[in-house]
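S.K.: One-letter residues, chain by chain:
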Amino acid sequence: MTNPSPETLPVKKQKVAKSAPPPTATEARFSRALEKIVEPFIFWSNASFIYHAPAGHVVSSFGENCGCGRIADAARGRFGAAEHFTCDVEHQGKPLGRVVLCCSPATPHGEKTLQKLVALAIGELTAGDDETALLEELSASWESLQAVYDLNADFSSTKDPKSLLRKITERAIAVGEKVQSVLWLENGDNLEPAAANCNCQLTPRPATTGLTGRVFSNGRSVIFNNFAHSEHDEELDAELKNAFRVAFVPLTTRVATYGVLVVWQESDDFLFDSRKMRLLDTLALQAAMVVENDRLHRESIRNERLNQEIEIGSKIQQTLLSGNPPNGIPGIAIAAESISSQKIDGDFYDFIEHGEDCFDLIIGDVMGKGIPAALVGAATKNSFLRAVGQLQSSEQNLRPSAEKIVTWVNNEVTVKLMQFESFVTACYARFDLARRELTFVDCGHTKTIHYHFRDGKLTFLEGDNMPLGFSEREIFSEKTLSIEPGDVFFFYSDGVTESRNPAGDLFGDERLTEFIRRHAYLEPKLIISRLLENLQEFSTEKKFNDDLTCVAVRFGKTPAEKQGTEMRIHLTSDLKELDRARRFVREASVILPGSPMAEESVDQLQLAVTEAVANVIEHGYRGEGGHRIEMSAESYAGGIRFEIHHWGEGVDPASVPAPVFDDTAEGGFGLFIISNCVDFVSYSTDDQNRSTILLIKNSN
Amino acid sequence: MKLKQEKVNDITVVTLRGEVLDASVVSDFKSEITPILQSGYHVVFDMSNIQFVDSSGVGAILSCLRTLNAGGGDLKICSLTKPVKALFELVRMHKIFDIFESKDLAVGSFS
Chain A
54 MTNPSPETLP
64 VKKQKVAKSA
74 PPPTATEARF
84 SRALEKIVEP
94 FIFWSNASFI
104 YHAPAGHVVS
114 SFGENCGCGR
124 IADAARGRFG
134 AAEHFTCDVE
144 HQGKPLGRVV
154 LCCSPATPHG
164 EKTLQKLVAL
174 AIGELTAGDD
184 ETALLEELSA
194 SWESLQAVYD
204 LNADFSSTKD
214 PKSLLRKITE
224 RAIAVGEKVQ
234 SVLWLENGDN
244 LEPAAANCNC
254 QLTPRPATTG
264 LTGRVFSNGR
274 SVIFNNFAHS
284 EHDEELDAEL
294 KNAFRVAFVP
304 LTTRVATYGV
314 LVVWQESDDF
324 LFDSRKMRLL
334 DTLALQAAMV
344 VENDRLHRES
354 IRNERLNQEI
364 EIGSKIQQTL
374 LSGNPPNGIP
384 GIAIAAESIS
394 SQKIDGDFYD
404 FIEHGEDCFD
414 LIIGDVMGKG
424 IPAALVGAAT
434 KNSFLRAVGQ
444 LQSSEQNLRP
454 SAEKIVTWVN
464 NEVTVKLMQF
474 ESFVTACYAR
484 FDLARRELTF
494 VDCGHTKTIH
504 YHFRDGKLTF
514 LEGDNMPLGF
524 SEREIFSEKT
534 LSIEPGDVFF
544 FYSDGVTESR
554 NPAGDLFGDE
564 RLTEFIRRHA
574 YLEPKLIISR
584 LLENLQEFST
594 EKKFNDDLTC
604 VAVRFGKTPA
614 EKQGTEMRIH
624 LTSDLKELDR
634 ARRFVREASV
644 ILPGSPMAEE
654 SVDQLQLAVT
664 EAVANVIEHG
674 YRGEGGHRIE
684 MSAESYAGGI
694 RFEIHHWGEG
704 VDPASVPAPV
714 FDDTAEGGFG
724 LFIISNCVDF
734 VSYSTDDQNR
744 STILLIKNSN
Chain B
6 MKLKQEKVND
16 ITVVTLRGEV
26 LDASVVSDFK
36 SEITPILQSG
46 YHVVFDMSNI
56 QFVDSSGVGA
66 ILSCLRTLNA
76 GGGDLKICSL
86 TKPVKALFEL
96 VRMHKIFDIF
106 ESKDLAVGSF
116 S
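Top line first, the protein sequences correspond to chains A and B. Numbering-wise, the first sequence is residues 54 to 753 according to this note's numbering. Numbering-wise, the second sequence is residues 6 to 116 according to this note's numbering.
No wet-lab data here; the hints were simulated from the structure. Among these hints, one or two may not hold up.
[As the list claims (entries may be wrong)] List of simulated lysine-lysine pairs, DSS-like, C-alpha gap at most 30 Å:
1. B:100 to A:510
2. A:500 to A:532
3. A:294 to A:220
4. B:35 to A:629
5. A:629 to B:9
6. B:87 to A:510
7. B:87 to A:629
8. B:9 to B:100
9. B:90 to B:35
10. B:90 to A:510
11. B:35 to B:108
12. B:90 to A:629
13. A:629 to B:7
14. A:578 to A:596
15. B:87 to B:100
In isolation and in its complexed conformation, chain B is listed as follows (with noise of 0.2 Å):
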């Protein structure tokens, strides 16, 4: 999983590219995004490379949030494709993540 990370205001806003968050690369992308969080305090995930998401792949979603909550700070996401979307609100993740249809918005409502 290739992750790029950008400073927005004090938001860290992160890309993730690579196409797909499925069981495949869960692990992968758990050690990748460990650092970023733990530097981080409100972070943003761009999910607009994103085509396909499975259950695992909310799961660690999840977890990054849990991670910043614990931290006193939030995770938001972004620019969900559409068979993502679908998938999160299956899921009712919709209910626990802010969701943005665009990186700026998702910046915006950090403040």
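If we strip away everything but chain A, and leave its shape as in the complex, we get (with noise of 0.2 Å):
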């Protein structure tokens, strides 16, 4: 037998058998250090190393190889004498195998060198395990990161949160294979399922129920990496009978909880270790986020929606429910004032022409608020309208009667008012001015004012006919009385009366008809601006609380218009020249008219004149003599009207308090006075700031 030359011997790996499992990853990374750490050693002296697995078998070889290829026995070679050392291998407190040294028997320290070779082989495995754990640790920061990234931008998309919880519970199973998920919101007492990936059927339970509302009161998250083993009650988390591992994680914001995410798999395919939980710790921070988010968004929704609700409240007001008083018919004054408030009803107001000397008037309010009041408001003045054109056509008659006009709107709008389970009070009042008469038909609305010019007292107009939307079939009836001039009428709804001031009290019948008795005397704007100014003060509030109308009506005699020849006089802001104002009058009265006027009215005349003329000097010229003012007078349909002009401060009748008949007053009498002595006054300011007071007074 020859021994070959150790030079001559082929070197090459002993092939790993065919039947042999592959390696491990860790058995690979091993056999891989050892590989660089034995390289140089081989290189200087005649050894081989040998590498088998814990099962037995070898996993890789270096060196030449002395042929031996068994663990067990340090038996000799091919190469004669050799020496062979083992070493066991051992990583993270497991086994890993065994190194075989195989060397000459010369090779000192063999023992102790094999060990510090695969030692050092060791160091490198764990050293790269470190690394590989930091990579872990980035990847694990980047998942987080990406969720995160993700989810936000879900976020600026117009997602709607349902969907973005459903994400989120569909990157949680993401972490695993075979991982189910629910996300519990809370809603009233209850956890409701908000989102899912799971096998069963969820329900929404109390939500102090089980580990779950555990949880959700902590407001910390718990892990169970053995959970069969673990004591829970397993009637309450009912879908988590099979989990093997579970991880609860609360929704949690600095705000408030809002839920709970429950991740779990019912085989052993993963831990919950610190790298999972983070990244479900950011899914669910997102989830909370998502949720809080929806909550403030639908309460800044909510607002807006009141706020537009309002608008369009009053828009309808201002469009569909009021109406334009009729400005053609000589003899009336009217105004007619509607102010919508925070809460919008189904307050309404128009009137119908008929001619030059009759016109109607329709107030309503319907019972009922916000805008399907207003919009049945609408619907039933329109109705209003249409029945005097139905019933126009059908009568033949131009001027269908007040009852019958109601009674055809009832008949209309029973059924619908029914459907809306509300009914509508109103007035009809119809003026013939002709006649100087008043019909109106009273359903059961507020009881309308009529101030009696003669002597000053208060009446009010009342019928007994129901509300509308009462009885379809009800017939309605009118009343008529007769109207004298300088007779007021007003018209309101019970938003005037039922105004509250900071006590509590109401405003009131009392008040209010104790306001028109010491007002009646003014121009009806005015009646109604100072009311709305009184109730004001009353309920120390610039905003209503409830819609308000008003309508008032005076009974004078004549239009503004010119006509004829004008008499003109200069004067200067001095009462001394107020006896030359009043001849003036003496003559323009004596002049001027078709017939002479009485002498009572002249006395009236002069009388206005003087206080308009004072009022002028002491109030829009301060008392300040040298100033111009200009009277013109000329006759008209029987009368005369006055104007008198100045370029002083404008008198505003509004700021003028209300006169006190007793003894206490010096004056202020002076607009009462004016208001009763003529048929007609009026104050107005033009562009080029010149003042004008029109007196026009009648003959009759």
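With the hints as a guide, bring both chains together as one complex.
M.R.: Right, here's the structure in full:
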């Protein structure tokens, strides 16, 4: 037998037997590390290393082979005497196999050397482990970041919260294979499944149930890496019956806890370690933010909707529910004002003209609030307008009676009102100026106030009809009374009498009646504007709580139109001129009208003009002399109209307090006197700063 | 404003002359009437000459009434001409003052 020399032996690695299983990742890594470590050693000495897996098969070998191939005996190899040293490998407390060193007997310190080399290889392995761990950490952080980025991108798109939450549970189950997840959200006393990826049916449950409930109230995460063996009641958290590992993560922001994210696996797939938990915490926080955002968003929408409703109601009020007083009708002064409030309701009013000397007023109030009431109001008003037209053609009568109109309207709207579970109080008033009569149909509306000019007394227009909407077949009846010059009618909605002051008292019928009694001498526009100021003072608020509607009608006599010859006089702002003014009035009243004016009327005119001019001097020009006052007079329609022009401060009748007829006052009667001495008075200022007081007196 | 003053029994009767009691003469009237009111107790204004009164005139007469009432006395009015009477009724002074057709009636009413 010839011993081949070492140099001539082919260097070859022993092939791994085909039946041997592939090395595990760690074994492979160790093998690579070992290779790196032993390479210089093999080069300098005649040694070879064989690495055996824990199972016994050879994983790899390096260097010339003595052919022994087996760990157990340190038998002699083909090279003759050879030393065999073995060293067990351990990694992280687990056996990783054995390394065999095959070398010539002369190799010093073989065992120690082998151990050192193996230790070095293990060292490499561990270093590699650390690196891997670091990489894993980084990628876990990256995953979390990714999750955050993805979901943030979704936030900025207008995805609805439900689908965002679903995305979150989908990401939650992506942490491993065969993972299930439920996202519970608080709703009242319950937790409800807002999103889920799981195999069982879920129903809302009380928020105190089971572990889920406990986590919700604690607000702290809980992990079970061996759920089956933990203490819990299997009846609660029913979907977790077969769970092997479970993680509960509460959805918490700085503000509140909104629910719980539950993630579990039924097999032994992975541990809920810190890396996984970091991801789940991130997802839970995202979910909590989605819920919080959504709630805030809905709150602001609610507020915006409310504002919008008020705006819509206001528009409805302006366009559909109010009307324009007729302005071509001689002998009457009308003002109407409707104010919408925070709560829109169904106040409405309108006017219908029947020629030059007759017009109707409809004023009504729908029971109910909000836009629905406003729309019912608009529809009812519309019904009135159509009623007139319909009855005109069906009866061949240009002026259907008030009671027929109201009966017609009631018949048409009752069914709809019943559907709305509402009704309408209304007053239909027909002013016939030729006959000087007022005919009205009152249907449960507020008591219209009638101020009698002759004696300053007040009476009320009351009817005994039902409101509209109670009975389709109801027949309505009208009442008629006569109107005298100077009479004032005040219609209003209950928003006026039901205003409250901070103490809770109602403004009430009495205060309103007293107010009208004291202010009926003013122009209708002023009556209303004063009343509104009064109400604001009473309630100490600028805005009104309820809708308000007021219509004031004053039965005067005359239009204000120029016709015929004109007389003029210039005065200066000196009280001594009052005498001249009076003489002018006397002359004019003799010269101008068709037939001379009665003495009494002339007296009244003189008084009115004196008061007006004195006002101009004392207030308009603040008592300063030397300013210009112009007065003109002309006849018209059987009477006279006087115009007093000045360029001082305009007299604002609204700012003058009402006179008190007792012995305390020294003045304040001026405007009252003027109003009562002539048939028509108006105050105006043009855009050239010229103020005009217009007085008209009829001769009869 | 010219004022004529006389005493009847213990009543001071003041006759207002001058035809007009309006804003232009009111301050003169006030300064002239003040000493009369101070020395008087019960007073009657004879308005037979006055053809025209305006609101300042009414105010001035009211202020005379207050002054006399403060001293425990009273003011009565008589002989209003038609337009002045109309004004007094318009501003309801007929409810505040005792108004008489003649001087004698006015004076007599004090006893």
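S.K.: Work down the list of hints and note, for each, if the structure agrees.
M.R.: Hint by hint, here is what the structure shows:
1. The suggested pairing of residue 100 of chain B with residue 510 of chain A holds, with an alpha-carbon distance near 16 Å, which does not exceed 30 Å.
2. Taken as a hint, the residue 500 of chain A and residue 532 of chain A pair is honoured in the structure, with Cα atoms around 14 Å apart against an allowance of 30 Å.
3. At roughly 25 Å between alpha-carbon atoms, residue 294 of chain A and residue 220 of chain A fall within 30 Å of each other, so this suggested pair holds.
4. Distance check on the hinted pair: residue 35 of chain B and residue 629 of chain A sit about 17 Å apart at the alpha-carbon level, within 30 Å; holds.
5. Simply put, residue 629 of chain A and residue 9 of chain B have alpha-carbon atoms about 23 Å apart, close enough for the 30 Å limit, and the pair holds.
6. Using a Cα cut-off of 30 Å, the hinted pair residue 87 of chain B and residue 510 of chain A holds, with the two alpha carbons roughly 25 Å apart.
7. Distance hint between residue 87 of chain B and residue 629 of chain A is fulfilled; the C-alpha atoms sit about 24 Å from each other, no more than 30 Å.
8. Restraint check: the Cα-Cα separation between residue 9 of chain B and residue 100 of chain B comes to about 26 Å, which is no more than 30 Å; the hinted pair holds.
9. With a CA separation close to 21 Å, the supplied pair residue 90 of chain B and residue 35 of chain B stays within the 30 Å bound.
10. Taking the CA atoms of residue 90 of chain B and residue 510 of chain A, the gap is near 22 Å; set against the 30 Å cutoff, the hint holds.
11. Between residue 35 of chain B and residue 108 of chain B the alpha-carbon distance is near 22 Å, which keeps this suggested pair within the 30 Å criterion.
12. Simply put, residue 90 of chain B and residue 629 of chain A have alpha-carbon atoms about 24 Å apart, close enough for the 30 Å limit, and the pair holds.
13. Between residue 629 of chain A and residue 7 of chain B, the direct Cα distance comes to roughly 17 Å. Compliance with the 30 Å bound is thereby established for this hinted pair.
14. For the hint linking residue 578 of chain A to residue 596 of chain A, the alpha-carbon distance of about 20 Å falls within 30 Å, and the restraint holds.
15. Proposed proximity of residue 87 of chain B and residue 100 of chain B is supported: the alpha carbons are some 17 Å apart, at most 30 Å.
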